[in-house]
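Colleague: These are the residues of each chain, in order.
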Amino acid sequence: MSSKINGHVSPQPCPHLLVFRSRNGPKPFRALQDCIRVKPPGGRAAIRREPTEVPRCGTCEESSRSRLYACVACAAVFCHAPLLHSHASDHSLSIPGHEIAVDVDRAELFCCACGDQVYDRDFDAAVVLAQTVNATATTSTSGSTAMQCSVAGSQPENLRKRRRVDYRPWEPDSGEHISRGNQSIPLLDAANASLVSSTQQPWGLRGLNNLGNTCFMNSILQALLHTPPLRNYFLGDRHNRYYCQQKNGAINGTKNSRLCLACDMDALFSAVFSGDRTPYSPAKFLYSWWQHAANLASYEQQDAHEFFISMLEGIHEKVEKDKRKFQSPGSGDCCIAHRVFSGILRSDVMCMVCGFTSTTYDPCVDISLDLEPNQGGSGKSSSAKSLNSFNVEADCMRPNQNCGISTLKGCLERFTRAEKLGSDQKLFCQKCQVRQESLKQMSIRKLPLVSCFHVKRFEHSSIRKMSRKVDRYLQFPFSLDMAPYLSSSILRSRFGNRIFPFDGDEQDASNDLSTEFELFAVVTHSGRLDAGHYVTYLRLSNQWYKCDDAWITQVNESIVRAAQGYMMFYVQKVLYYKESENQGTS
Amino acid sequence: MSRPPPPPPPPPPTTNKDQQRQNPSLQEINIKLIQSGEKERLKELLRERLLECGWIDEMKALCRAFTRKKGRNNVTVDDLVHVISPKGRASIPDSVKAKLLQRIRAFLASTAD
Chain A
1 MSSKINGHVS PQPCPHLLVF RSRNGPKPFR ALQDCIRVKP PGGRAAIRRE
51 PTEVPRCGTC EESSRSRLYA CVACAAVFCH APLLHSHASD HSLSIPGHEI
101 AVDVDRAELF CCACGDQVYD RDFDAAVVLA QTVNATATTS TSGSTAMQCS
151 VAGSQPENLR KRRRVDYRPW EPDSGEHISR GNQSIPLLDA ANASLVSSTQ
201 QPWGLRGLNN LGNTCFMNSI LQALLHTPPL RNYFLGDRHN RYYCQQKNGA
251 INGTKNSRLC LACDMDALFS AVFSGDRTPY SPAKFLYSWW QHAANLASYE
301 QQDAHEFFIS MLEGIHEKVE KDKRKFQSPG SGDCCIAHRV FSGILRSDVM
351 CMVCGFTSTT YDPCVDISLD LEPNQGGSGK SSSAKSLNSF NVEADCMRPN
401 QNCGISTLKG CLERFTRAEK LGSDQKLFCQ KCQVRQESLK QMSIRKLPLV
451 SCFHVKRFEH SSIRKMSRKV DRYLQFPFSL DMAPYLSSSI LRSRFGNRIF
501 PFDGDEQDAS NDLSTEFELF AVVTHSGRLD AGHYVTYLRL SNQWYKCDDA
551 WITQVNESIV RAAQGYMMFY VQKVLYYKES ENQGTS
Chain B
1 MSRPPPPPPP PPPTTNKDQQ RQNPSLQEIN IKLIQSGEKE RLKELLRERL
51 LECGWIDEMK ALCRAFTRKK GRNNVTVDDL VHVISPKGRA SIPDSVKAKL
101 LQRIRAFLAS TAD
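Residue numbers (full-length UniProt numbering), protein chains in the order written: chain A, 1 to 586; chain B, 1 to 113.
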């Protein structure tokens, strides 16, 4: 869908376009721009000489069956149906210099001789401008004004953060002095080194004992222990638990001042990366988390995703650097949890009556995706093996349903698709001053360092007072390019197939980082809603390991591909180290 | 390459007393649809329905597969239209056709004075 037209690369013009330009000056479509008509809602651009013109083929009077193209040289309109007849082609062949035409309903340039679309930067810019003006100014609704202001003003944010600092050779500060004391354990011990390399397992692989239905916690912890930026943060001693507790007066302080989930994480990292391979019991961590999330404190099975969110909140609460300073939401300045996982989602709501669009930005630490609604009446899940050949079903079909598989990309496409809200969900339009039917579209304004995708497999219906689990298999890639789901791509696709002028205001905050991600952890759920089990698959040094509570085993990647993904963790490719064969670091 | 079927012959004149008006031709219907803005609304409805049922995704997948096979620089818009049109026309769900026909009939009924 989105070829790499990043706004910088323009497709090569065909020879006819080049000739046309040489004959008519560098901006040969200037006159055409006056004929751009944009109709709300949806704001599609069309070419009409007068607003009420009904285009018709000059040769055969056809106006409904095939595409109509207007010759740019002589403004005559012709039909073009490559399968049947093309009076547009006839025209282009009969008069030299009349090869370039414009699709009257799409405002896209076409070369009748080549039979292919062509692009002109100035013309495309004019179309985009006409469509943007029609949608009028965007403003945010009251819920997120603070967000909007900060994001709007944050365009130079990245530049502001990069202050130059003079080089100083490193000297340990007071916190680092403490960790250099006898509490720290050497990573590579001469005595242990041979032991570690002989087991051939990467660093940081250690089973976690189940303390009573705590596989929901173990599975998430395993994923977090191997989240590259998080792992680097804690192993790099950026949150030293001894220093933190000392600073908070833990010795004489109340219970609450001692509670710091980040300290417990630090302890966990130390234990798991110590080189000791015996399974570890994260009892202290569980106890701390219970204190933080009192309503979830029990030995009952919990939802791993809920635990994940609650954990991030817990770290944020205790680690948030300076509560007085205004933190730009979504920037991740507040704590390591948000620095790693927080991205920004953009939501556009367009009034179906007047076309007015309202835009809001909200930070998010993960994306929850719906599986496709069940179709064809079959409730059975299809395994990866049942690949049927092209099979058309009468009423409902999807490209992946022909193979019987839902994919993560499909879910993301659906997530970023423009969705017509039902008539029972009318939203207030600031221009019309009444509730109107609306079109809503989500997109990603800023990508996080680590993208966590949560598949909504647990459905809770308060109406029917029951919950159920959706077992349908979801295919997920090992490498994922998030570019098509970015706000810039989504916006571009609204304007049809053309060169998109590089608009500074829409610059994604993270456009200096790549959009390519690599999968490193998959949390799976098997069994029923009330009696199930969580297992995490980790990808280390391009090998896959199954972490089932205390048992860690190496598995083939096909096992992972076939697993029922519940949460998938992707890290920016630039942060993901693809190891060579040498062990020793992870 | 096949030609489209010829339009059906116009229905015989009605025996109504004031039957100056024949049933409108395809062209006349088309103009009515365009001028009232109904055609644009129908197109939006069609786009929405085809999107919902996965038809558009299906066509995109066909285009991608074809482009991958031929190579990105060896494919034109006309090629793509040629490739996907037969399958595309054949795979429109009946429910979508029915819905649009219903809308058009309703429109014609409402505008027939």
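Hints in this document: simulated from the structure, not taken from any laboratory.
Remember, it's a predicted structure, so these values are computed and weren't measured experimentally.
Hints may be right or wrong, so weigh each one.
[Said to hold, decoys possible] Below are the DSSO-like pairs computed for lysine-lysine, each with C-alpha atoms no more than 30 Å apart in a straight line:
(1) A:Lys39 with B:Lys70
(2) A:Lys440 with B:Lys99
(3) B:Lys70 with A:Lys409
(4) B:Lys69 with A:Lys426
(5) B:Lys97 with B:Lys87
(6) A:Lys409 with B:Lys32
(7) A:Lys546 with A:Lys39
Colleague: Of all the hints numbered above, which does this structure not satisfy? Sort the numbers upward.
Modeller: The structure breaks hints 1, 4, 6 and 7; every other hint is satisfied.
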